[in-house]
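Novice: All chains, full assembly: derive it from the sequences and hints.
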Amino acid sequence: MSILDSKIPSGELNQKWSSYKDHIRLVNPANKRNIDIIVVGTGLAGGSASAALAELGYNVKSFCFQDSPRRAHSIAAQGGINAAKNYQGDGDSVFRLFYDTVKGGDYRAREANVYRLAEVSASIIDQCVAQGVPFAREYGGLLDNRSFGGSQVSRTFYAKGQTGQQLLLGAYSAMSRQIGKGKIQMYNRHEMLDLVLVDGKARGIIARNLVTGSLERFSAHAVVIASGGYGNVFYLSTNAMGSNVSAAWKVHKKGAYFANPCYTQIHPTCIPVSGDHQSKLTLMSESLRNDGRIWVPKNLEDSKAIREGRMKPTDITDENKDFFLERRYPAFGNLVPRDVASRAAKERCDAGFGVNTTGEAVYLDFASAIERYGREKARMNHDGEASIEIIMDLGAEVVKAKYGNLFQMYYKIVDQDPYKTPMMIYPAVHYTMGGVWVDYNLMTTITGCYATGEANFSDHGANRLGASALMQGLADGYFVLPYTIADYLADDIRTGKISTDLPEFVQTENDVKANIERLMNIKGTKTVDYFHKRLGKIMWDKVGMARNAEGLNWAIAEIQKLREEFYSNVRIPGTVDSFNPELDKANRVCDFLELGELMAKDALDREESCGGHFREEHQTEEGEAQRNDDKYAYVAAWEYTGKPSEAILHKEALVFDNIKLVQRSYK
Amino acid sequence: MKLTLKIWRQSGPNDKGQIVTYPIDNIEGDMSFLDMMDVLNEELIVKGEDPVAFDHDCREGICGMCSLFINGEAHGPDRAITTCQLHMRKFSDGETIYIEPWRAKAFPVIKDLVVDRGALDRVMASGGFVSVNTSGNTVDANAIPISKIDADKAFEAATCIGCGACVASCVNASAMLFVSAKVSQLALLPQGKIEATERVLNMVRTMDEEGFGNCTNTGACAVECPKEISLDNIARMNREYFKAMLTSE
Amino acid sequence: MSKSVILKSSIAKKYWMAFTGLFLCLFLVGHLLGNLQLFYAGEEGRRAFNEYAYFMQHNLLIKVMSYVTYLSILFHAIDGLLLAFQNKKARPVQYAMNKASANSSSASRQMALLGSIILIFIATHMVNFWGKMHFGEIPLHTLTKAVNVPISQDPNTGQIVKADIEFSYFLTTNGEYKQYAYKDPKTKLFESQMEVREETKLFDKNSNLEVAEGYKDLHSVVMGFFGKSANGNDVNELAWLAVLLYTISMAVLSFHLMHGFASAFQTLGLRHPRYTAIIKNVGMGFAIIVPAAFAAIPLYIFFK
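First to last, the protein sequences are chains A, B and C.
All letters in the first sequence, in the order written, are residues 1 to 667 by this note's numbering.
All letters in the second sequence, in the order written, are residues 668 to 916 by this note's numbering.
All letters in the third sequence, in the order written, are residues 917 to 1220 by this note's numbering.
Quick caveat, the hints were computed from the structure, so don't treat them as lab data.
This one's a predicted model, so the numbers in the text were calculated from it and none came from an experiment.
Take these hints with a grain of salt, some might be off.
[To be verified] Computed list of lysine-lysine pairs in DSS-like fashion (alpha-carbon distance at most 25 Å, straight line):
no., chain 1, residue 1, chain 2, residue 2
1, A, K377, B, K815
2, A, K420, A, K321
3, C, K1004, B, K772
4, A, K412, B, K669
5, A, K513, A, K526
6, B, K683, C, K1005
7, B, K673, C, K1015
8, C, K1015, B, K669
9, A, K181, B, K860
10, B, K757, A, K420
11, C, K1005, B, K772
12, B, K714, A, K585
13, C, K1015, A, K412
14, B, K757, C, K1015
15, C, K1048, C, K1144
16, C, K1015, B, K772
17, C, K1015, B, K683
18, B, K714, A, K523
19, B, K772, C, K929
20, C, K924, B, K772
21, B, K910, C, K929
22, C, K1004, B, K683
23, A, K533, B, K714
Specialist: Okay, here's the thing in structure tokens:
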């Protein structure tokens, strides 16, 4: 086992980044014009990187599989973005954000990266406001904040329930400006299908033009993978239908280590599954936990009656409700981190207290918040005598202003009015903390190949706190990568244009072509979705919220069998050289079928519970995650050797100089 | 639920295309419209037929990718939602449903129900931004207070998802609602005011060049807009353009 | 400020539509106020209307305004058709199923069609009245009155013999009724000492001098057109059709205005939460009242 060099600069934690920036090499403006950079993905990480790099003067080639960079799934992030601005004067600081993030990640993140993230967080807000991102404001004209899980300060900036959208559109508009100038060449409806290495360095990609079906070669001096997470390995997740691991997986297969694949975030507040035909799960923002109270009935009988439709949640009085998060975690209450909240909900449902016809749902109730806000509003209206109906109406107005779009989404999907009856929620796959291993520079183990945002593994440890993904994506793209990539590209100022006629490009393109032809020639009987759904079921049942050795071994065997079946019986209609969404899906599912196995392998290897990774064998008496810092305080980075089952584990030891590792407690 | 689907099939940009009828059965009310399309496609693939191509991605009403003209209306009969949020409970057993692509010269059909909306991106690239470089040294976010009313109005305009339903619904295939939403958002904020003149002139010029029709204030766009972007924005853009026209050099 | 911005951009074209449209709304008000005099019965009404028609034709300010109006109509029509053609081109393939009624009023979607009908109406309307007034032959405002006048004295009794003799008068632009002929009681023929030259000029036959200018009798033309005989005018045999088409045209105008009035404000960016509802209501009232009042006139004439 080799020791991975994370290239963390020496020095005091709070000086590392600034002194590092002061000493890394730069590329002068004239030379930047001669350097090409490929960025795969146009979400917050990719979009911001593309824009920032193009502003600096590099020639950027951006790729997205959607029809426009604005569609990347960062757009669906709802609740907010953290930043250590301390505008509320509630004791926030860079250190506290750093501390909360490391603790929230269950001490499995790299200190230096997280500290840097907390340091640049404030600049993100400044930058976004300068771009015209309309964050929520108070009547005085200053920015408003709200609270998110895992912190005791209000540091989350937001734009109603559409923060991700507003930030992404900010990055997209910055990109648009560069596209208009020709500094970014935008390749929409293109999917990266392989990385091209020349002399061991990342020098280009092979992408499929999804409209014409043709394979195209693109060269660059560096390649940035910003293609997001791999939650869709579960088939049902809150990810977009097209979200995929392919770009990250291809670089993994070309030599980039894949780190901590088992760290999956199961988000506690999603709309429960309604039937077999369902293709997608919908998130209800964590911000709802600011005002919503989570409960199940106290009595098994009541839960049963609700499941059978004999009783309604509104029939149950507060005494007969079990506000289980408030009961178990009085200090953080409903705002415990996601992994904790999800497991607590699962625990209640497994014990038979679940609601919905499936028994797999708990309530998220706004009645008391609506009443509280209503009374406040009535007082402000000098109507102290208002009837409860009027109070509830007034309160509903306030709640609507805060979460209107989320309530509307819920209403349209479930056909129940969340202002009148509590929402039903259940955990669902949402985010993947694991990803391509990167060093402090965000470079993967392939020279010249970078990974940013959710596609890398670096900042969230074993569990990501709410409103931190947006922060990380933009930090990487706007404020980290533009510096660190220059240090590498400084060597490339004399390289000149890289020809796509090099034998490495020809070879890689031929490999891709062969893979596609292999898939097309199977001509089996089952659709791609059939396999994807089966994979998802294996993953959810055995590599989901709770894992154990037996289940993981079973999953590994099942996935191997499923993969064989896929390669012998999948049916892909249409042709190679045309618009063929089924082929696109097949290309992605191939990679999921390998990744799923590596996830199970990683989960099996990690004999501890931490954050989103919960091994049933390792829990405290109260059912909380039981870490094993002596043996597992490391990053598990896997090297591809041809088969996921034979992947080689490399360990990067995690050193905590500034935080004392303790049992995470939110009680 | 048993339904008859009448779907526009067009193998490529140069194909003439036609409506093809597909019967479909066992559709449940709590399925989304796109779940229903998935069911149809699964059936077609198993039968050895070409599945229907349609754009979709997030399936939660925010990415703006889905774009079906359902029974004569963009995103179907329900209001304030995208196609992916439309549920089959809005239809009744035995109903015939027409499914067509967005129709506009500026949105050429790629295949079946998939159209190319690159024109909207090009409009954005011509001015839908604030020219501020990424530095980390911009002024503090709270240095310029912005009235909550303006901030909220800017936000409402900014919620546009760029799906193109406004163009699809407009009798003239005009993109005024889309363009005005961005012009409006930035015109309302002090950060955007600096470039307001050039922005509105450039964006409107690109909009015209892309072959969108002219606004006749029918208001159809705002009715069909999944994000309920208001006609206020078009009026604001009209004012902005007027100012710009008279004062630009 | 480049020319292309002012003339060619889609939004500028719309400003022109709005400006000309709103100006034409003003014109409609003016025109209607004049026309309402047609309800004013008898010679006095006739005189008032014809004097008004003369005024409209001769006042310098009105003349300028009328040219602006013609230009507005032309510009509104040409610009509107240009926009309509562009709009047509913007959607080359139509929907197989389009439920536009779910999201917009049919008037708003049919502005070009409604406008074209109105344009045809304006053309025929101008041929029928404006053209005749300006270039065609319109009889002068004449009045024949029977006056019981002494025609002779009975030589025997010395009694004055009176008889009804019809005198004809021109209404002249200095406001007088000028007698120009009378019916010779013997020959029963009118004898005139004046003749009309250049349509409206009254010349004394004997002295060959211009003595006055007469008013054109547009009033009688209008009455005749809509089926009412008066002052010996020609009565339109198809008056019923004229009334019907006129009424339909006004209905079309009404629909055009129902959308156009408020739409012009929107185009000019005059929209505000406090005032937009008012604009819409005023527009709706305008769209109903003005065309209805216009249509009431021929109906009144026809059925009176």
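Novice: Each hint: holds or not?
Specialist: Evaluation of the provided hints:
1. The straight-line distance between the Cα atoms of K377 (chain A) and K815 (chain B) is roughly 18 Å, inside the 25 Å bound, and the hint therefore holds.
2. As the CA atoms of K420 (chain A) and K321 (chain A) are separated by approximately 17 Å, the hinted pair is consistent with the 25 Å bound.
3. The straight-line distance between the Cα atoms of K1004 (chain C) and K772 (chain B) is roughly 10 Å, inside the 25 Å bound, and the hint therefore holds.
4. Among the hinted pairs, K412 (chain A) with K669 (chain B) is consistent with the structure: their alpha-carbon atoms are about 22 Å apart, no more than 25 Å.
5. Among the hinted pairs, K513 (chain A) with K526 (chain A) is consistent with the structure: their alpha-carbon atoms are about 22 Å apart, no more than 25 Å.
6. The hinted pair formed by K683 (chain B) and K1005 (chain C) meets the criterion: a straight-line CA distance of about 18 Å does not exceed 25 Å.
7. With a CA separation close to 15 Å, the supplied pair K673 (chain B) and K1015 (chain C) stays within the 25 Å bound.
8. The straight-line distance between the Cα atoms of K1015 (chain C) and K669 (chain B) is roughly 22 Å, inside the 25 Å bound, and the hint therefore holds.
9. Under the criterion of a C-alpha separation no larger than 25 Å, the hint pairing K181 (chain A) with K860 (chain B) is consistent with the structure, at around 21 Å.
10. For the given pair, K757 (chain B) sits about 21 Å from K420 (chain A) by alpha-carbon distance, which is consistent with the 25 Å threshold.
11. Taking the CA atoms of K1005 (chain C) and K772 (chain B), the gap is about 7 Å. The hint holds against a cut of 25 Å.
12. With a C-alpha separation of about 19 Å, the suggested pair K714 (chain B) and K585 (chain A) falls inside the 25 Å cut-off, and the hint holds.
13. For the hint pairing K1015 (chain C) with K412 (chain A), the CA-to-CA distance comes to about 22 Å; that is within 25 Å, so the pair holds.
14. Pair hint K757 (chain B) plus K1015 (chain C) holds up; C-alpha atoms about 16 Å apart against a cutoff of 25 Å.
15. Of the pairs offered as hints, the one joining K1048 (chain C) and K1144 (chain C) holds, with about 18 Å between alpha carbons and a cut-off of 25 Å not exceeded.
16. As the CA atoms of K1015 (chain C) and K772 (chain B) are separated by approximately 20 Å, the hinted pair is consistent with the 25 Å bound.
17. For the proposed pair K1015 (chain C) and K683 (chain B), the alpha carbon gap of about 23 Å is at most 25 Å, so the pair holds.
18. A distance of roughly 12 Å separates the Cα atoms of K714 (chain B) and K523 (chain A); the hinted pair therefore holds under the 25 Å criterion.
19. Proposed proximity of K772 (chain B) and K929 (chain C) is supported: the alpha carbons are some 20 Å apart, at most 25 Å.
20. Distance hint between K924 (chain C) and K772 (chain B) is fulfilled; the C-alpha atoms sit about 19 Å from each other, no more than 25 Å.
21. Distance restraint check for K910 (chain B) and K929 (chain C): the Cα-Cα separation of roughly 15 Å lies within the 25 Å cut-off, and the hinted pair is therefore satisfied.
22. Proposed proximity of K1004 (chain C) and K683 (chain B) is supported: the alpha carbons are some 19 Å apart, at most 25 Å.
23. A hinted pair counts as satisfied when its Cα atoms are at most 25 Å apart, and K533 (chain A) with K714 (chain B) qualifies at roughly 20 Å.
The structure meets every hint from the earlier list without exception.
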